[in-house]
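Work out the full structure, taking the sequences as your base and the hints as a guide.
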Amino acid sequence: MTRKEMTHFNLTTEHGLTAQEVQASRQTAGTNELVAAKKPALWRQIAHHLNDVSSLVLLFAVGLASYMALFQGGGWTKSIVIGAILVINVAIGLYQKASAEKALAALQSMSLPTTTVRRDGVAQSIAAKDVVPGDLVLLKAGDQIPADGVVLESTNLTVDEAVLTGESVPVAKHSLTTLTAIVDEQHVYSGTAVTAGTAIVQIVTTGMATELGQIAGLLNKTKKRATPLQGRLNRLSGWLTSFAVLGGLVIFALSIWMQNQGIADSLMIGISLAVAAVPETLPIIVTISLAHGVKRMAHRNAIMRRVNAVETIGGVDVIASDKTGTLTQNKMTITRYWTPKSKTSFAADDLTPAGKDLMRYLGLATNAEIKTVAGQEETHGDPTELAIVRWLASHDRSRAKFERLAPRVAEDPFDSTKNTMATVHHLADGQQLVIVKGAFDRLPINWTPAQRAAATQVHDEFGQQALRVLSVGYKLMPQTTSVDWAELTQDLTFAGLVGIIDPPRPEVIPAIQEAKRAGIKPVMITGDHMVTAAAIAEEIGILTPGQRVLSGTELQTMSDTDLADQIHDIAVYAPVSPSDKIRIVQAWQAAGKTVAMTGDGVNDAPALKAADVGIAMGITGTEVSKGAADMILTDDNFATIIAAVREGRTVYQNILKAVEFLVGVNFAQIFLMVGAVLMGWGAPLLAEQLLLINVLADGIPGFYISREPGEKAAMAQPPVENDESLFARGLGGRLALRAATFTVLTLGIYAIGRFGLSNGQATIGTTMVFLVLAVGSMVDIYAIKDRQPLSLASLKRNPVLNWAMLLAVGVVLVVATVPGLQHLFGLVNLPLSAWALVIPAMLIPTLVLELAKRWTRRNRETAVDLAWGDD
Numbered sequence: 001m002t003r004k005e006m007t008h009f010n011l012t013t014e015h016g017l018t019a020q021e022v023q024a025s026r027q028t029a030g031t032n033e034l035v036a037a038k039k040p041a042l043w044r045q046i047a048h049h050l051n052d053v054s055s056l057v058l059l060f061a062v063g064l065a066s067y068m069a070l071f072q073g074g075g076w077t078k079s080i081v082i083g084a085i086l087v088i089n090v091a092i093g094l095y096q097k098a099s100a101e102k103a104l105a106a107l108q109s110m111s112l113p114t115t116t117v118r119r120d121g122v123a124q125s126i127a128a129k130d131v132v133p134g135d136l137v138l139l140k141a142g143d144q145i146p147a148d149g150v151v152l153e154s155t156n157l158t159v160d161e162a163v164l165t166g167e168s169v170p171v172a173k174h175s176l177t178t179l180t181a182i183v184d185e186q187h188v189y190s191g192t193a194v195t196a197g198t199a200i201v202q203i204v205t206t207g208m209a210t211e212l213g214q215i216a217g218l219l220n221k222t223k224k225r226a227t228p229l230q231g232r233l234n235r236l237s238g239w240l241t242s243f244a245v246l247g248g249l250v251i252f253a254l255s256i257w258m259q260n261q262g263i264a265d266s267l268m269i270g271i272s273l274a275v276a277a278v279p280e281t282l283p284i285i286v287t288i289s290l291a292h293g294v295k296r297m298a299h300r301n302a303i304m305r306r307v308n309a310v311e312t313i314g315g316v317d318v319i320a321s322d323k324t325g326t327l328t329q330n331k332m333t334i335t336r337y338w339t340p341k342s343k344t345s346f347a348a349d350d351l352t353p354a355g356k357d358l359m360r361y362l363g364l365a366t367n368a369e370i371k372t373v374a375g376q377e378e379t380h381g382d383p384t385e386l387a388i389v390r391w392l393a394s395h396d397r398s399r400a401k402f403e404r405l406a407p408r409v410a411e412d413p414f415d416s417t418k419n420t421m422a423t424v425h426h427l428a429d430g431q432q433l434v435i436v437k438g439a440f441d442r443l444p445i446n447w448t449p450a451q452r453a454a455a456t457q458v459h460d461e462f463g464q465q466a467l468r469v470l471s472v473g474y475k476l477m478p479q480t481t482s483v484d485w486a487e488l489t490q491d492l493t494f495a496g497l498v499g500i501i502d503p504p505r506p507e508v509i510p511a512i513q514e515a516k517r518a519g520i521k522p523v524m525i526t527g528d529h530m531v532t533a534a535a536i537a538e539e540i541g542i543l544t545p546g547q548r549v550l551s552g553t554e555l556q557t558m559s560d561t562d563l564a565d566q567i568h569d570i571a572v573y574a575p576v577s578p579s580d581k582i583r584i585v586q587a588w589q590a591a592g593k594t595v596a597m598t599g600d601g602v603n604d605a606p607a608l609k610a611a612d613v614g615i616a617m618g619i620t621g622t623e624v625s626k627g628a629a630d631m632i633l634t635d636d637n638f639a640t641i642i643a644a645v646r647e648g649r650t651v652y653q654n655i656l657k658a659v660e661f662l663v664g665v666n667f668a669q670i671f672l673m674v675g676a677v678l679m680g681w682g683a684p685l686l687a688e689q690l691l692l693i694n695v696l697a698d699g700i701p702g703f704y705i706s707r708e709p710g711e712k713a714a715m716a717q718p719p720v721e722n723d724e725s726l727f728a729r730g731l732g733g734r735l736a737l738r739a740a741t742f743t744v745l746t747l748g749i750y751a752i753g754r755f756g757l758s759n760g761q762a763t764i765g766t767t768m769v770f771l772v773l774a775v776g777s778m779v780d781i782y783a784i785k786d787r788q789p790l791s792l793a794s795l796k797r798n799p800v801l802n803w804a805m806l807l808a809v810g811v812v813l814v815v816a817t818v819p820g821l822q823h824l825f826g827l828v829n830l831p832l833s834a835w836a837l838v839i840p841a842m843l844i845p846t847l848v849l850e851l852a853k854r855w856t857r858r859n860r861e862t863a864v865d866l867a868w869g870d871d
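Using my numbering, you'd call the opening residue of the sequence shown number 1 and step up by one each time.
Just so you know, not all the hints are guaranteed correct.
Derived DEER-like restraints, expressed as beta-carbon distance ranges [claimed, not checked]:
{"no.": "1", "residue 1": "Ser394", "residue 2": "Gly463", "range": "56 to 62 Å"}
{"no.": "2", "residue 1": "Gly463", "residue 2": "Thr417", "range": "18 to 24 Å"}
{"no.": "3", "residue 1": "Leu246", "residue 2": "Glu711", "range": "32 to 38 Å"}
{"no.": "4", "residue 1": "Asn419", "residue 2": "Thr344", "range": "23 to 29 Å"}
{"no.": "5", "residue 1": "Val122", "residue 2": "Glu369", "range": "52 to 58 Å"}
{"no.": "6", "residue 1": "Ala47", "residue 2": "Gln376", "range": "45 to 51 Å"}
{"no.": "7", "residue 1": "Gln376", "residue 2": "Arg442", "range": "24 to 30 Å"}
{"no.": "8", "residue 1": "Arg452", "residue 2": "Thr557", "range": "35 to 41 Å"}
{"no.": "9", "residue 1": "Thr480", "residue 2": "Thr198", "range": "15 to 21 Å"}
{"no.": "10", "residue 1": "Gln124", "residue 2": "Ala347", "range": "52 to 58 Å"}
{"no.": "11", "residue 1": "Glu369", "residue 2": "Asp415", "range": "19 to 25 Å"}
Don't read these hints as lab results, they were simulated from the structure.
No experiment lies behind these values; they were computed from the predicted model shown.
Note that beta-carbon positions come from the ideal geometry of N, C-alpha and C, so glycine has one too.
Okay, structure coming up:
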């Protein structure tokens with residue numbers, strides 16, 4: 001990753017800072033803490049959640065209903081129900097906001113409670129937040145570094161920087177040699193951990209000025225954009241609002257002009273129209289659908305932290321994935337080896353006699369251990385040595401078995417200066433075995449020209465395959481030889497070399513293939529070396545012909561325009577910084593794409609927050625990455641993302657079905673009300689009746705449409721575009737057909753009931769319309785819930801919906817027939833002749849939708865036959 005320069009560096013004396021110098025430094029730099037962005041006041045947060053179009057419409061309806069209840073003697077039913085819906089929606093929004101703020105809290109928790117510093121010549125333990133620039137911090141293996149600094153003195157110091165870089169191999173650090181050119185290998189960073197050695201570090205930057213602080217700053221500044229579903233629902237609410245306002249003005253004018261009604265009565269009709277225009281239960285049905293999706297995803301090892309991300313994951317166009325621990329196993333593994341006795345290298349599983357000797361030498365010169373504690377793998381040691389231990393275990397061998405025959409008597413530990421490690425072992429025949437492992441060009445081998453050329457060729461081939469190369473040499477000497485490392489490690493015999501890599505997860509390749517079939521572009525974004533990233537990406541199918549690899553340096557020199565022009569041709573970015581990752585995500589978003597970003601390190605957190613769906617690893621991921629993410633994979637399995645996409649598409653389909661179920665009838669209610677007034681009949685339904693239809697009759701069955709299984713072709717379709725309307729892919733036509741059917745049907749039923757059966761008595765017509773609209777709009781949910789023609793199997797597939805239908809129909813019939821409830825809702829008893837018309841009329845909308853479904857299917861099949869040349 002790109003590091004900032006540590007400027008204004010003045011060397012602290014070996015005694016450390018004095019108390020006065022500490023005070024002066026703290027006044028300048030502040031405390032060593034990460035600062036969260038200022039949280040807006042509660043009233044501002046509530047106002048933000050009430051600022052969308054649908055909420056404003058509901059607020060308007062509550063205001064009008066409350067006005068009528070106060071000054072015109074109306075009931076409070078409408079105000080209470082609509083107000084309760086608003087409160088629920090705001091509460092859900094505030095809860096989601098509080099969950100998102102845990103990301104920075106997790107970053108702040110990474111600060112150490114205490115650390116050891118030298119002040120006034122005395123080593124002392126202080127709170128980490130009290131560390132100031134200039135402090136001398138004393139570090140040893142296992143310590144976490146409290147702030148960014150420069151290494152003044154060190155002994156075999158290695159630091160795990162995975163929380164910042166995402167890479168699992170510890171980095172060797174060296175002592176400062178000159179103040180004029182401080183290199184990265186002499187820097188240490190806040191939040192990283194010492195894996196080996198000791199050091200004295202002078203702190204240079206603290207708090208928000210550290211590398212970790214810069215990431216916290218990015219988290220503070222990065223904002224989550226609205227989800228595509230939110231945008232579509234807002235646009236739908238805008239259309240409904242415009243339609244309701246226009247209809248309200250028309251019906252208000254007509255009521256006064258044509259029917260000579262007062263302003264109060266005309267305003268009541270306006271309220272009725274507002275209630276008819278707004279599908280009050282739609283926000284709750286959407287939330288229930290998303291929550292049900294959350295539950296189903298949890299069973300698939302995907303925990304959703306943000307409910308709206310359930311729908312968003314189904315519409316992703318791009319999955320930008322980190323490499324280490326996400327696409328790969330985060331376990332360094334020996335995959336190939338070579339010995340001088342063969343012309344070619346071998347796979348690690350194919351063990352030759354010379355390979356067995358090479359394995360024995362590596363096992364004897366290794367200190368790492370892997371244990372199983374409470375069913376969990378517990379590792380101790382360097383990742384490279386852990387790879388050796390895993391290779392031994394795969395062939396049923398262990399270091400302990402080797403050492404029983406060749407006990408270790410001396411060790412020269414690994415040193416980053418010489419890049420080698422040596423051990424001495426006593427053998428049963430009176431000789432001692434000297435083993436040296438390390439970098440290929442550092443082993444003092446007694447080469448012949450041919451041997452060196454052969455070994456160099458294999459070494460370079462391994463490098464081209466992005467393998468990390470470890471070489472081994474040995475020699476036999478009498479046990480009486482004294483341990484003089486300079487003499488023992490000369491003139492070695494070359495044993496061979498191994499190639500090590502963090503291999504891809506086995507499930508990744510088929511998951512990427514399925515993603516591509518679903519129209520999703522997978523992209524790798526990593527802090528690893530370019531060659532390694534390209535090799536892994538090509539192996540798993542991300543890097544294909546025509547796609548390219550872009551380095552972080554090239555990316556930083558590109559303008560936003562150039563990046564936008566080339567972004568579709570770039571499959572791998574390596575190595576890149578946290579700010580680069582955000583830029584890549586935002587470039588895809590600017591191209592109109594919905595982006596999912598995976599990661600597990602602190603360095604991934606800002607990009608996870610910026611992405612439309614941030615996905616963190618549940619096992620290897622840091623708490624910071626989990627806090628910034630929308631989704632957490634409990635099994636760290638890339639294939640789980642594709643399962644989540646499938647589930648997300650199912651949720652979106654069910655939300656569209658809910659929109660079709662509710663909105664079509666709402667439009668019909670508006671046409672019914674305006675049409676009846678235009679004909680001089682007055683308003684055929686009261687506001688209370690409309691509210692009962694919208695909240696109970698439509699709401700109860702609508703709650704369970706979220707349980708519908710996904711359509712079979714869901715993963716064969718391209719993702720939904722960000723600017724795609726809710727009415728696309730045939731939904732607009734189906735809504736229009738349903739609205740027209742109910743409008744014509746209800747106007748006809750009202751006319752028959754009022755003028756044909758009761759000599760102008762409006763209550764008979766009103767009751768008939770209420771029953772047809774309430775029950776008919778519920779029954780045709782069966783034609784909506786499945787794009788295929790109705791069958792007995794589809795009717796039985798969602799039993800909870802069937803029970804909800806029986807309950808809702810029962811409530812409607814009770815309201816329409818029980819005298820007390822009849823009077824409360826303005827209904828009357830119907831004669832048998834009216835029931836003879838109402839019952840078949842309830843089924844007409846379902847029949848029309850099913851006929852239209854079969855007509856569309858037949859036309860589609862005919863078009864396919866013509867395309868294939870069938871007669």
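The hints, checked one at a time:
Ser394 and Gly463 have their C-beta atoms about 24 Å apart, which leaves the hinted 56 to 62 Å range violated. Roughly 22 Å separates the CB atoms of Gly463 and Thr417, a value that falls within the hinted 18 to 24 Å. Taking 32 to 38 Å as the suggested C-beta distance range, the pair Leu246 and Glu711 conforms, at roughly 35 Å. For the pair Asn419 and Thr344, the beta carbons lie near 27 Å from each other, so the given range of 23 to 29 Å is met.
Taking the beta carbon of each, Val122 and Glu369 are about 37 Å apart, not inside 52 to 58 Å as hinted. A beta carbon spacing of about 48 Å between Ala47 and Gln376 agrees with the range 45 to 51 Å that was offered as a hint. For Gln376 and Arg442, the hinted distance range of 24 to 30 Å is not satisfied, since their beta carbons lie about 36 Å from each other. Take Arg452 and Thr557: their Cβ atoms lie about 39 Å apart, and the range 35 to 41 Å holds.
Between Thr480 and Thr198 the C-beta distance comes to about 35 Å, which lies outside the given range of 15 to 21 Å. At about 55 Å, the CB distance of Gln124 to Ala347 agrees with the hint of 52 to 58 Å. Against the hinted window of 19 to 25 Å, the Cβ-Cβ separation of Glu369 and Asp415 comes to about 21 Å, which satisfies the hint.
In summary, the numbered hints that this structure violates are 1, 5, 7, 9.
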